[in-house]
Structure formats: C-alpha cells, structure tokens
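> One-letter residues, chain by chain:
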Amino acid sequence: MTDRNGLLISRRSLLAHAVGGLAFALTANRLRAATAPLETEPGAHEANSLLTRVARPLDAETPPQAFTAWLTPNDRFFVRSHFGPPAPELVAPAAWRLHLAGLVERPLSLSLDDLRRFDEVTITAVLQCSGNGRAFYRPKTPGVQWERGAVGNAQWTGVRLRDVLDRAGVRPPARHLQMGGADRPAVSDTPLFLRSIPIEKALHPDTILAYRMNGEPLPLLHGAPVRLIAPGWMADSCVKWLTDLTLQAEEAQGYYMQTAYRYPSRPVGPGDAIAQQDLKPVEAMVVNSLIAHPQQGATLSRGHVMIQGLAWTGEGRIVTVEVSTDEGRTWEAAKLVGDDVPYAWRQWQFLWRTGGPGSRTILSRATDDRGQVQPMASPWNPGGFLWNGVDQVQVQVREA
Amino acid sequence: MSVTNRRHRFRPYALSLALLCAAFYTTGRAEEQTTGQSADQQAQRLLASRCSVCHSTDLVQQQRLPRDRWEATVSKMVHWGAQLDKEEEALLTAYLANYFHPEAGPVVEWPTIPLSGEEPGSALKQAGIATRGATIYQQNCLPCHGEAGKGGMGPKLSRNPILTQADRFRETVVKGRGAMPPWGSVLQAQEIADLHAWLSTLPE
Numbered sequence: 131m132t133d134r135n136g137l138l139i140s141r142r143s144l145l146a147h148a149v150g151g152l153a154f155a156l157t158a159n160r161l162r163a164a165t166a167p168l169e170t171e172p173g174a175h176e177a178n179s180l181l182t183r184v185a186r187p188l189d190a191e192t193p194p195q196a197f198t199a200w201l202t203p204n205d206r207f208f209v210r211s212h213f214g215p216p217a218p219e220l221v222a223p224a225a226w227r228l229h230l231a232g233l234v235e236r237p238l239s240l241s242l243d244d245l246r247r248f249d250e251v252t253i254t255a256v257l258q259c260s261g262n263g264r265a266f267y268r269p270k271t272p273g274v275q276w277e278r279g280a281v282g283n284a285q286w287t288g289v290r291l292r293d294v295l296d297r298a299g300v301r302p303p304a305r306h307l308q309m310g311g312a313d314r315p316a317v318s319d320t321p322l323f324l325r326s327i328p329i330e331k332a333l334h335p336d337t338i339l340a341y342r343m344n345g346e347p348l349p350l351l352h353g354a355p356v357r358l359i360a361p362g363w364m365a366d367s368c369v370k371w372l373t374d375l376t377l378q379a380e381e382a383q384g385y386y387m388q389t390a391y392r393y394p395s396r397p398v399g400p401g402d403a404i405a406q407q408d409l410k411p412v413e414a415m416v417v418n419s420l421i422a423h424p425q426q427g428a429t430l431s432r433g434h435v436m437i438q439g440l441a442w443t444g445e446g447r448i449v450t451v452e453v454s455t456d457e458g459r460t461w462e463a464a465k466l467v468g469d470d471v472p473y474a475w476r477q478w479q480f481l482w483r484t485g486g487p488g489s490r491t492i493l494s495r496a497t498d499d500r501g502q503v504q505p506m507a508s509p510w511n512p513g514g515f516l517w518n519g520v521d522q523v524q525v526q527v528r529e530a
Numbered sequence: 411m412s413v414t415n416r417r418h419r420f421r422p423y424a425l426s427l428a429l430l431c432a433a434f435y436t437t438g439r440a441e442e443q444t445t446g447q448s449a450d451q452q453a454q455r456l457l458a459s460r461c462s463v464c465h466s467t468d469l470v471q472q473q474r475l476p477r478d479r480w481e482a483t484v485s486k487m488v489h490w491g492a493q494l495d496k497e498e499e500a501l502l503t504a505y506l507a508n509y510f511h512p513e514a515g516p517v518v519e520w521p522t523i524p525l526s527g528e529e530p531g532s533a534l535k536q537a538g539i540a541t542r543g544a545t546i547y548q549q550n551c552l553p554c555h556g557e558a559g560k561g562g563m564g565p566k567l568s569r570n571p572i573l574t575q576a577d578r579f580r581e582t583v584v585k586g587r588g589a590m591p592p593w594g595s596v597l598q599a600q601e602i603a604d605l606h607a608w609l610s611t612l613p614e
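As given, the protein sequences belong to chains A and B, one line each in that order. Sequential numbering of the first sequence, starting at 131, is according to the numbering used here. Sequential numbering of the second sequence, starting at 411, is according to the numbering used here.
By construction, these hints were calculated from the structure, which means they are not laboratory data. Hints should not be assumed to be uniformly reliable.
What the hints assert, rightly or not - Which chain A residues face chain B? A few, computed with CB under 10 Å, are given here:
{"hint": "1", "residue": "V184"}
{"hint": "2", "residue": "P272"}
{"hint": "3", "residue": "G273"}
{"hint": "4", "residue": "P397"}
{"hint": "5", "residue": "G401"}
Glycine is no exception: its CB is placed at the ideal position from the N, C-alpha and C atoms.
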C-alpha cells in the first residue's frame, strides 16, 4: 500500500476491467467467423468465436483464452473494418489489380500472378489496432471500445514492397507512399480510407505485400487478396484490400490520415486545444503485455499456478517481463520462453504461489530494449490510441 | 439522475406513447411531431433509419461522451452524408448526450420502440399509396438501394422478384436480411405498404 499512486490507478483500471467484463457478458454478440472449422466437440463454437464490438461494419476482438497460442488462428484474429469488405467480385483474384502510380518512372498494374513472381518472404509479426485498450482510458474517448483483444500474432507471406517499388522506379521527390483499398463507404460523402507511410518504411526490407496469413490465402475479412504488413507499426498502416499505391511528396490528405490516427506529441488533458502540428501520425507500437492465463474472474485452487502471457513492442525487442501479485508494490521477473523473433510477440511464464484464499490481482509489465516500460495507465489522448497500461486480471483463490 | 430512475420513468410512458402512436399514426415526418411521439422515440427512429445506413447502432451505444463530443460527432456524421436536417441533428444529439454520457454506467437501458411493423393486424391489408412510398424511399432506402431502386450497396429493387410476394417483402423490411438492418422499429406497416406500392411501379 506504499505506492499510493500506483494503487489508485490500479484500482481504477481494475474497475474498468470488471465493469468491461460485465458489459461483455450482457451485450456482446458472438460471431462465428466464416473461416471457422466445423465444430468437433461441445464448446468448440465458443472457442472459435470472436467478441463483436460493432456488428456492421464488423469490429470484433479475440477472446483472451486464444492468447495462450503463439500464433493467433485466422478465425480468431481480431477484425477492424472502416466500411467492411468490398464486394467479392472487386477483389476476386482474377479481376484484382494493384496499381502503382504517382512519382514513379513506370506506372504498373500488377495481377496477383505478377505479384507472386517476386521473391516470396514470410514474416511473423504482431498486428494491433491503434485503439486496442481504448475502453480503459478515463475519461472515455470516442471510437470502438476495444478491451484487450484487438491484437494478434500471425505469419504473413507475400513479397517485399521494396521489390515492387523498385520495379516501378521511385522518383526522388517521393517521400510518402499512399495506400488505397477496394472498400467503399455506404455513402459517397464519407471520406475514403486513404493512408500513407513514409518512404523509409515503405522501402524497409521487412515491409511486405501479404497474400497469405498463417499459411492460408488471406481471408476476405483480413484484406484479401493483398494487404500491407508494416511490421512493428500499428495496424492503421496495414491497409487491407489494397488496390492503389501512389508515390507522392506529401502524406495522404483527408480525414483518415490528417485527423484520425494522430497522437499528441506533448502531454494533453481532456478538453485541451491541440495544434495540428502537435499531432503526429500513430506509427510504431508501444511496449505492451497481456496475461493469457489465468483468465479474468477465474477461481483457482490454492497452491502453484503457472501464469502465462505475451509481450510485444514496436521495432525493438522485449527484454524483461515482470509480474506483481500485490497490486504493484513488488515485481518479480517472469521467464521469457519460446522463440525471440523480430516483430513477433514473446511468450512468458511465471510460477506463482498463490498464498491463502481470497481475491488476488495479477499484473504484468514489459520492458523493451529501448528502455520503454509499460506505465500503470497510458497518457490520456483524445483518440484513445496506444493504450499500454500494465495488464491485469483479478482471480479468486480458494482452499484446495 | 440514475439510470434506474430513467428506466422506471420512461418505460410505461414509452409504451403508452407507442399505443397512442399506433392509434393515431398517419404518415410522414410532420405528423410525427403532432402524434405525440416522444423526443426519445423520434431520436431512436433517426438512429435506426439514418445512422444505421452506415453502421449498426451498437457502435453508438458503447460510447460515453460529454455533450460537446456528441455535438462534434453528429456534426461530423452529417458532414459525411448522414441525412439529418438541423432539427433532427439537435434532437439526436440531445438524446445521445442524455443517455450515453460519461457518468452513465456500463449498461445503459433506454426506452425502446416496439416493432410497429410487427403489430397484430399490420399485414398489408391497407392498399399502399405509391406517391407516399416515393418519399419514404428517399428518406430511408435510397442510400443503399440507389436512385429509383436501381441498386447500389444493396440489391436492385426495381422489378425484384420479392415485390411479387408482399408478405416476404414486409418481413424482409421488418427483420432485415444479411447486411440490411431491421427496419421494424422505423417503418410502420402502412409505410411498408406504401414503399411496396411505389417500388412495384418502377420500370426495369
């Protein structure tokens, strides 16, 4: 109880978790993803479900129990839609084309077969919605109220964007790559989802045009036939249903680049006016962790419990994960397990001796090789982006 | 005011109003103002008919925003093509700020409108009036089904086979189908009949 500030924040976020869980139970629709395998046993339906936040266009998050796996299965991978998938005929492999234009020597129009002739690469990378954890900000910020599951780790197979840009020949004034997809809003006055990334990220050898996800053709909900994967960066840069790449001197114009997905470069409070030049695009992920087992609200027998979880960061590596079971007063190092793969998340374990019966809070806190440490609560920002407050679950310990 | 109080205060009120509406409803928005529909009910109809053109209303219900944020949000949506006139925009903003504010609990209960299109005896006994159907179409269906029912994001409706089965048409409108949201809380049986009558006049 000595760390009053920590305890205060901890209790507040705990309440958010508990309250969020209640709202979940009462309101969440469960979605059976189109790609889900047939049920083989009782409970399989539940296990294959996503938790729907918005039914149309679909926004749905991965249920926490899926995070005990290193790779998140496609049918349990979170879905974020601005307008929903385009009509299937627009993205059918036979009809689909990727257009490269703007500041290039040779504009290109590539079919899927053309694209497959470039060298194929596979990268395992975390994909995370910029708004993951938005529900935990106080005061609340507008947008989909994601809790902990708008994140996943998958193997992405495709070709290097750099190779394709080299074929087109990037002309020197080009500083940004604008990306457009085949999805369209229901009403024509709604701005298109146009995004851009700086040329350095576009030319990075790990930035790929992905057409497979965990070995399967990219599912429609995840951007079929081709999406961008910008490893280490938030998913708002990873445009789905890609059809148009434009090299240009400036960032993409319009709402989704100039207004949305921006983050203040200095601390702000609710209601503060923020000058446009102080708002920077959301780019790299921030250090984060997640407790996959035990689950929020679980009842455990007194004794030893293996706490398991995941930790990830943007373009660096995870160096430590710590666990606290006394509301943040003391922290102990967890054991990092599994492979240390760039851009993927790292699994960790912590053997916990529960002590006597009662309510317990488990906290996890990751640190990366650039010295980023998860705070108890992330700095408030008007878009509710980049939440990375320490993860926490509350459990009940009972006599064995 | 607590959510519980709101619920107790509004629910019987909403029900009796709905009965009143069922009894006195004629058609058209001007009449809505005079048949005693509560502001809440009007706002809910706007949510279901104008907002859900682009997104399901669960997105709205999970927000907890102060009035100025709701004003900014609704104004943005109008800018993006939500079909709300000034009066409707104000009505909707007031409703949202009243129920989905920062102090509201995790689960907000709000008075709901009965599925008027499903009321007993609401089958298409009345003859639809095509001229009224045209207006109803403009206000509710056009964004997805296109000018003159020629199709768009939603299927083409002119000469659509479903028009030959009035009951199926009505059921689809009331309950929704696939990506189409249910309109049972928005359109009255007579309005659906009017729509059907107008759509049936359309050429290929």
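> Are the hints correct? Go through all of them and say.
Hints, verified against the model:
1. Taken as an interface hint, V184 (chain A) checks out: its beta carbon lies about 5 Å from the nearest beta carbon of chain B, inside 10 Å.
2. This hint holds: P272 (chain A) has a C-beta 6 Å from the nearest C-beta of chain B, less than the 10 Å allowed.
3. The interface hint given for G273 (chain A) is met, as the beta carbon of that residue sits about 8 Å from the closest beta carbon of chain B, less than 10 Å.
4. For the restraint placing P397 (chain A) at the interface with chain B, the shortest Cβ-Cβ distance is roughly 20 Å, beyond the 10 Å limit, so the hint is violated.
5. Interface restraint check: G401 (chain A) against chain B, minimum CB-CB distance 8 Å, threshold 10 Å, status holds.
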